[in-house]
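2 protein chains.
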Amino acid sequence: MNSTLSMTELEDRVQRIFLRAGMNAMQAGPLARVISAGERDGCKSHGIYRIEGVLRTLKAGKVSGTAKPFAEGADNGAIVRVNAGGGFSNAAFELGLPVLADRARDLGLAAMVVNDCAHFAALWPEVEAVTAHGLAAMVMCPSYATVAPAGGTKPLLGTNPFAFGWPRQGQQPYVFDFATSVAARGEIELHRRAGKSLPEGWAIDADGQPTTDPEAALGGAMLPFGGHKGSAIGTMIELLAGVMIGDLTSPEVLDFLGTTTLAPFHGELVIALSPERFAAGRRGDPFARAELLFEAIQGQGARLPSQRRFAARARSQAEGVDLTQAELAQLDRFLALGLDAIA
Amino acid sequence: MNSTLSMTELEDRVQRIFLRAGMNAMQAGPLARVISAGERDGCKSHGIYRIEGVLRTLKAGKVSGTAKPFAEGADNGAIVRVNAGGGFSNAAFELGLPVLADRARDLGLAAMVVNDCAHFAALWPEVEAVTAHGLAAMVMCPSYATVAPAGGTKPLLGTNPFAFGWPRQGQQPYVFDFATSVAARGEIELHRRAGKSLPEGWAIDADGQPTTDPEAALGGAMLPFGGHKGSAIGTMIELLAGVMIGDLTSPEVLDFLGTTTLAPFHGELVIALSPERFAAGRRGDPFARAELLFEAIQGQGARLPSQRRFAARARSQAEGVDLTQAELAQLDRFLALGLDAIA
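In the order they appear, the protein sequences are chains S and F. Sequential numbering of the first sequence, starting at -19, is according to our numbering. Sequential numbering of the second sequence, starting at -19, is according to our numbering.
Fair warning: there could be bad hints in the mix.
Copies of the same chain are indistinguishable here, so a pair counts whether it falls within one copy or spans any two.
Below, computed lysine to any residue pairings styled on SDA-like, alpha-carbon distance capped at 25 Å [unchecked claim]:
id, residue 1, residue 2
1, K176, H208
2, K134, A298
3, K176, L237
4, K176, A163
5, K134, Q310
6, K42, G114
7, K24, G166
8, K134, Q287
9, K42, A323
10, K42, M(-13)
11, K42, S177
12, K134, G279
13, K134, E275
14, K176, G207
15, K24, G318
16, K42, M(-19)
17, K39, E256
18, K176, S44
19, K24, G264
20, K134, L234
21, K42, G207
22, K39, S25
23, K24, A291
24, K48, A291
25, K24, N56
26, K42, G261
27, K176, A323
28, K176, R(-4)
29, K24, R263
30, K39, G22
Because the hints were derived from the structure by calculation, they are not lab data.
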């Protein structure tokens, strides 16, 4: 039998788990919010499932649970710089966001760099936090070397997510957030556990040959989405959100961690743009014009991205979040044992 | 028998064609340079082949050949705004570029908006012009509604090119530039002329059903690359480089022109980022670190984008550009007849 928790109850429970594991409130709060948001939106892969990975990374000493993020270079033009101090990205993002929003409104566009952070979350919570300020957002970060560049044979690029958001008045924003690999690594793992073959085009084996065997794929490399085009975007993300911001690229992250079972440690790039500033002096309200585009997309039966997630959110907000007894027992165990819950 | 022209001879000949057709020097010069650069790089689809389309658009009155681009909003934070005055984008881009470069170096990143322009060129010449200033660049623009959004049935998005560049010391930059449709419209046209079937996944017919018949595809819609992911990027480009900058979206362009045989009229967005500013205070030289990434890509047998183009450029610069007698005769005809060469 399932139990239903309100969002407040869920956030509180997750936060207590992180505090019990020795994290400070500055880290635990934002982490609890982003994990609860995943669960709320029906993204099980970014919900409470992630708690174990957070604790594992903490126990392995590959992230600081007591870090205090800090701003760097107070007046740095259109660049807002936040250092996570070796902690998770989430607290650093929350610290920098108001400054980013001010700067983007002031200059028309601005970028936030988060350095020295562990990063395990989806990018859509950050995209939505920027759109809530009436700004458009592009967000990207590397991960660890698990994807072969198009035409290549070995893992080099990360699954490097790319996310974008556009604010909409009186409703949820237009948001997409996807891996630049064909599939997420977790999907290959799920196929392996279920004993199922992979679709063609997802992966290559250790010899660089196409494979549909999940085991061979995990020992080989994933492929970028859209062939050489997706590969190029994945490379752009390594350059902009790794090299350019002076933080680790996906191969460097894998070297640093030595495994893909811990949260990757790197940086993140958030670009915020002000439609009001960009459209000033031109005909038409950009927000009203965007609605015409969305109507035309939906009018021909195509879907806007994130709609399933927003529907799940509406349900969760009305009815609470459903957890199974096994999930609740796991939360209780984490709360009772702290880091000792991790083998 | 072919003839070989130096780049100077080719540029001069193309420029004289545009002057003869009634364009001013401010429009004709940049157009001649970008078309000659296409020919030089072996991109026949963006070389002298484009002259006819330029003249056709001019004759149809859908672009001004005597426009003078002008800067707008002199001090506008990180936004550099150039109005093409109804002329081609190229002159406007050249006008705004030095300001964009200064602003990006000063603030860390900056955006150039080109408004009210006809646009027919590849984006890589602009990307390379930005990287020549030691800056990274993202460039995007809409085109006309010929691509169905993923899950849709009708043309709505454009082939919306997305391009990126990263400067490299002592060698050609890292550059990609691709349509966010699976294929360019011209490729479908080439299949039609050759009586060949299209590969699967390129297009749908007027009823929204998958088709490999080029005729049915031209009457239906092209598909975005990479399924819903490419569709999302194409939509982002409509929003940022159409709606946000107060210029036409792809469906609006098609309404305005009533045809896809003229150069589309819309705007363009160029974002320039300073790796030096972004990396300041962090470990490692971003340009040296990028080379490690490029070596790792090439070291496993994968190619960097644009390498074929750069090889053709090296040949053209050493040996000149080869044109067939038919191509030369066509240039002579344009020069003799001006706009009367267009039916």
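Against the structure, the hints come out as follows:
1. When the C-alpha separation of K176 and H208 is checked against a cutoff of 25 Å, the pair qualifies only between copies, where the shortest distance is 24 Å, while the shortest distance within a copy is 27 Å.
2. Taking the closest pair of Cα atoms, K134 and A298 never come within 25 Å of each other, the shortest separation being 47 Å inside a single copy and 36 Å across copies.
3. Taking the closest pair of Cα atoms, K176 and L237 never come within 25 Å of each other, the shortest separation being 29 Å inside a single copy and 51 Å across copies.
4. Taking identical chains as interchangeable, the C-alpha atoms of K176 and A163 lie at most 25 Å apart only when both belong to the same chain, with a minimum of 15 Å there against 32 Å between chains.
5. Taking the shortest alpha-carbon separations for K134 and Q310, neither the intra-copy value of 37 Å nor the inter-copy value of 48 Å comes in at or below 25 Å.
6. Proximity of K42 and G114 under a CA criterion of 25 Å is satisfied in neither setting, with 35 Å inside one chain copy and 35 Å between copies.
7. With identical chains, the CA atoms of K24 and G166 are at most 25 Å apart within one copy only, with a shortest distance of 11 Å there and 43 Å across copies.
8. Taking the shortest alpha-carbon separations for K134 and Q287, only the inter-copy value of 21 Å comes in at or below 25 Å, while the best intra-copy value is 35 Å.
9. Taking identical chains as interchangeable, the C-alpha atoms of K42 and A323 lie at most 25 Å apart only when both belong to the same chain, with a minimum of 16 Å there against 69 Å between chains.
10. Taking identical chains as interchangeable, the C-alpha atoms of K42 and M(-13) are never at most 25 Å apart, the minima being 29 Å within one chain and 56 Å between chains.
11. Taking the shortest alpha-carbon separations for K42 and S177, neither the intra-copy value of 33 Å nor the inter-copy value of 54 Å comes in at or below 25 Å.
12. For a Cα distance limit of 25 Å, the shortest separation of K134 from G279 across copies, 10 Å, qualifies, whereas the shortest one inside one copy, 43 Å, does not.
13. In the homo-oligomer, the alpha carbons of K134 and E275 lie at most 25 Å apart only across protomers (13 Å), although the nearest pairing inside one protomer, at 42 Å, exceeds that limit.
14. In this assembly of identical chains, K176 and G207 lie within 25 Å of each other by CA distance both inside one copy and across copies; the values are 24 Å within and 23 Å between.
15. For a Cα distance limit of 25 Å, the shortest separation of K24 from G318 inside one copy, 22 Å, qualifies, whereas the shortest one across copies, 64 Å, does not.
16. Taking the closest pair of Cα atoms, K42 and M(-19) never come within 25 Å of each other, the shortest separation being 37 Å inside a single copy and 67 Å across copies.
17. Taking the shortest alpha-carbon separations for K39 and E256, neither the intra-copy value of 46 Å nor the inter-copy value of 36 Å comes in at or below 25 Å.
18. Neither within a single protomer nor between protomers do K176 and S44 lie at most 25 Å apart by alpha-carbon distance, with minima of 38 Å and 60 Å respectively.
19. Neither within a single protomer nor between protomers do K24 and G264 lie at most 25 Å apart by alpha-carbon distance, with minima of 40 Å and 38 Å respectively.
20. In this homomeric assembly, K134 and L234 come within 25 Å of each other (Cα to Cα) only inside a single copy, at 13 Å, whereas the closest approach across copies is 44 Å.
21. In this homomeric assembly, K42 and G207 never come within 25 Å of each other (Cα to Cα): the closest approach is 33 Å inside a single copy and 36 Å across copies.
22. When the C-alpha separation of K39 and S25 is checked against a cutoff of 25 Å, the pair qualifies only within one copy, where the shortest distance is 21 Å, while the shortest distance between copies is 57 Å.
23. In this assembly of identical chains, K24 and A291 lie within 25 Å of each other by CA distance solely inside one copy; the values are 14 Å within and 48 Å between copies.
24. In the homo-oligomer, the alpha carbons of K48 and A291 never lie at most 25 Å apart, since the shortest distance is 35 Å inside one protomer and 50 Å across protomers.
25. For the identical chains of this complex, K24 and N56 are neighbours neither inside a copy (38 Å) nor across copies (44 Å), given an alpha-carbon limit of 25 Å.
26. With identical chains, the CA atoms of K42 and G261 are at most 25 Å apart between copies only, with a shortest distance of 23 Å across copies and 50 Å within one.
27. Neither within a single protomer nor between protomers do K176 and A323 lie at most 25 Å apart by alpha-carbon distance, with minima of 28 Å and 60 Å respectively.
28. For the identical chains of this complex, K176 and R(-4) are neighbours neither inside a copy (38 Å) nor across copies (64 Å), given an alpha-carbon limit of 25 Å.
29. Proximity of K24 to R263 under the C-alpha cut-off of 25 Å is found in neither arrangement, the shortest distances being 43 Å within a copy and 37 Å between copies.
30. In this homomeric assembly, K39 and G22 never come within 25 Å of each other (Cα to Cα): the closest approach is 28 Å inside a single copy and 56 Å across copies.
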